[in-house]
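Heads up: the protein sequence lines correspond to chains A and B, in order.
FYI, in numbering that gives the first Met the number 0 the residues of the first sequence are 0 to 175.
FYI, in numbering that gives the first Met the number 0 the residues of the second sequence are 0 to 668.
Because the hints were derived from the structure by calculation, they are not lab data.
Among these hints, one or two may not hold up.
[What the hints assert, rightly or not] Dumping the calculated SDA-like pairs for lysine to any residue here, alpha-carbon to alpha-carbon at most 20 Å:
no.: 1; chain 1: A; residue 1: K98; chain 2: A; residue 2: P38
no.: 2; chain 1: A; residue 1: K100; chain 2: B; residue 2: R529
no.: 3; chain 1: A; residue 1: K100; chain 2: B; residue 2: A71
no.: 4; chain 1: A; residue 1: K75; chain 2: B; residue 2: N597
no.: 5; chain 1: A; residue 1: K98; chain 2: B; residue 2: G543
no.: 6; chain 1: A; residue 1: K98; chain 2: B; residue 2: D593
no.: 7; chain 1: A; residue 1: K98; chain 2: B; residue 2: M574
no.: 8; chain 1: A; residue 1: K75; chain 2: B; residue 2: G532
no.: 9; chain 1: A; residue 1: K75; chain 2: B; residue 2: K469
no.: 10; chain 1: A; residue 1: K75; chain 2: B; residue 2: L68
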Amino acid sequence: MMRFILPLVVFLVLAGFLYVGLGLHPHEVPSPLIDKPAPAFSLPQLDQPAKQFSPAEMKGKVWLFNVWASWCESCKDEHPVLLDLAERKLVPIYGLDYKDKPADAQAWLNTAGNPYKLVAQDTDGRVGINYGVYGVPETYIIDKQGIIRYKQIGPITMQNLRAIILPMVHKLEQQP
Amino acid sequence: MIPEIGHFALIVALMLALIQGVLPIYGAARGNAVLMGVARPVAVGHFVFVAMAFACLAYALLTNDFSVLYVAEHSNSQLPAHYRFAALWGGHEGSLLLWTFLLTVWTVAVTQFSRHLPQEMVARVIGVLGLISVGFLLFMLLTSDPFERLLPAAMNGRDLNPLLQDPGMVIHPPMLYMGYVGFSVAFAFALSALLGGHLDATWARWSRPWTTVAWVFLTLGIALGSGWAYYELGWGGWWFWDPVENASFMPWLAGTALIHSLAVTEKRGAFKSWTVLLAIGAFSLSLMGTFLVRSGVLTSVHAFATDPRRGIFILAFLVVVIGSSLTLFAWRAPKVGLGGKFELVSRESFLLCNNVLLSVAAASVFLGTLYPLFMDALGYGKLSVGPPYFNTVFVPLMVPMVLLMGLGPIARWKKANIPDMWVRVRWAFGASVVIALLLPFVLGKWTPLIALGLLLACWLISSVLLDLRKRMLREGGIKTQSRSYYGMQLAHFGVAIFIIGVTLVKGYETERDVRMAPGDTVAAGGYTFRFDGVRALSGPNYEGKQGRVVVMKNGQPVGQLFPQKRIYDASGMPMTEASIDAGLFRDLYVSLGDAIPNSGGAWAVRVYYKPFVNWIWAGCVLMAMGGVLALSDRRYRIHARKKQETHSTEHTATHEASAAGMTTGSKPA
């Protein structure tokens, strides 16, 4: 008798696991860079290629580092959120234009609006590789010591801006 | 307007599916012929309305109606028309519609080809299929409406995922789904038998052809998917043990076990409850595959948009369908008596081993696929299980499996004699060992795995040929054997061809990933490849670069290859189109990686020499052809003819029965 109930029992245990599994987020691979210093670089700025930008200049500030490109469709979904955030001046946003043509990127910012304090031009994508970028857009929260505290994979939405990013920025700003 | 008609057709279809799911089953329990008689016409109506919805979505795609969200997300006005049609199953909502549509196609097929079966059986089968359809229609209408509007309409669509813009991809999902959905028929027969309490050999006889058809489609569907991955992903691999691939492979393993176990149940009356469990299992794994793919609980290269609400719905549906059928099994199966007895050495035990090995294989694929989920759920962190696990587990299971495949067909039912069998196969086995030991030296490299693969393939081929020869010589010609016998041998032969393909491509392939400037050459597998640079390329909805590679053997050019790198306009997604010079004994495969900046036109180029790789898919096609041959067996054609003859008598019987039902119904209270 027992052996005929066994398949049902096995299935129910499995269903329990699947239920728990639904609440998990397998795509959220924790970045190995979390709580590590942001990799250093020096890149030309998008609008003034003669000038360089390096994250070392940002010591003492909490900032968002947003990886984007003019060819990236999801970045266009994210763009209004960034514009809104920039307007509210809650946290400075710096961009990394990843594997992109400067002219295309500049044209896009001219038409859609520019939420960035400054954009670093990563034409060959080497800096992106150091930051472990595997999909665009990605956004890093970097604290006053230059340590990466959070990495958002995929576009920032109003929800996760309110729920995760802004509270974390606020908390980091309280710290020395 | 048209999308609203489609949406409305889905609602009507849901109502009809409810009627189809409830009345005939209730009628069968009550012995009410009128209620049972509802099954066929309602099933046809149900099909008509789902087909209407299907046509409406196809119309919206073909006419570029970007006010429909699904069309705006999965199509584009620049997309060629055949891909616009294929976009029908390029996304989540559309593929559910395809699933449901195919389910109704199968149901109508059951109504047409089951006229010789008892009415209760047919009523229950159609009822169960109706209930499954209720689940899918509800899922669509509640969480994934394909006809949702996008207002204001988009100017243009986001385009079909470029990975799916490929002829192979146009037919891969329908084939795969025909297989998945086809197992629902075997499942419905099994449940019908459980509900009716007649778990004898007859239900096995009726569900055998249906199971074989589903298996043929699934086999071809998986082969197409694998072939697509081979030339479309640009890595030259043909199987990645990706969760989505596994989701189709598990039902295939269970279905293969089911085909063999059904044979035993039909012929010998043995394994009765086990066969029912397998029929439930094969379909459950198909549903589970849909869940895994659609709910996003697993990471996969097949990145589908996911929504937790959908996950909850499919899980609830799984629990209802699988949970209730296993409960029914636990309740009814203990009453089933034991079947015909058999000795330890007999065809039954060989088939039992086959079933055990296939089930363990399916279970280990299942475990490997879900292991990351289990670990994550238990809080042990995130990890992934890759090909090393699957290869380590799978090969040891398949070796005894293939060895027994050579013996099974020559063993007698009930009691076989080992010394007898040994006398019959010893030359085949000896010759296989010799070939397996020596052939690798001729081919250039000897490794234990190559020898093992060749041993299995030679053993299988020689035992198939030996048995064919014996039966033809001793039992009087080619005509005496049934087509299902030839079908079986052809499918087994296909397995041997498959093994040869896998063994030789794994053993002797050459893969070169090189940086090539125009004029550079690289050697692989006795050929020299010269890269002649790239030129610009422009397609209907993409731009790109096309490289030219000249292939030379002994200094003489033997062919040219044109690998492409495309950037699709709407999505900006880069795609690699490998260029393949295919042949019976080897493929020459070239794909472009990335351009190397500031190098004067140099590219990263992948050059592969793949010996016997096409034998992998040829083996699958032979297996499927074996299935088709078995289906054309005389006994199924006899049924078809009998159906014509008994049609009139059955008709009168139904008529009388319904008349009787009417009288009971209108009896004064």
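Kindly indicate which numbered hints from before are broken by the structure, ordering the numbers from low to high. Numbers 2, 3, 4, 8 and 9 - these are the hints that the structure violates, sorted from lowest upward.
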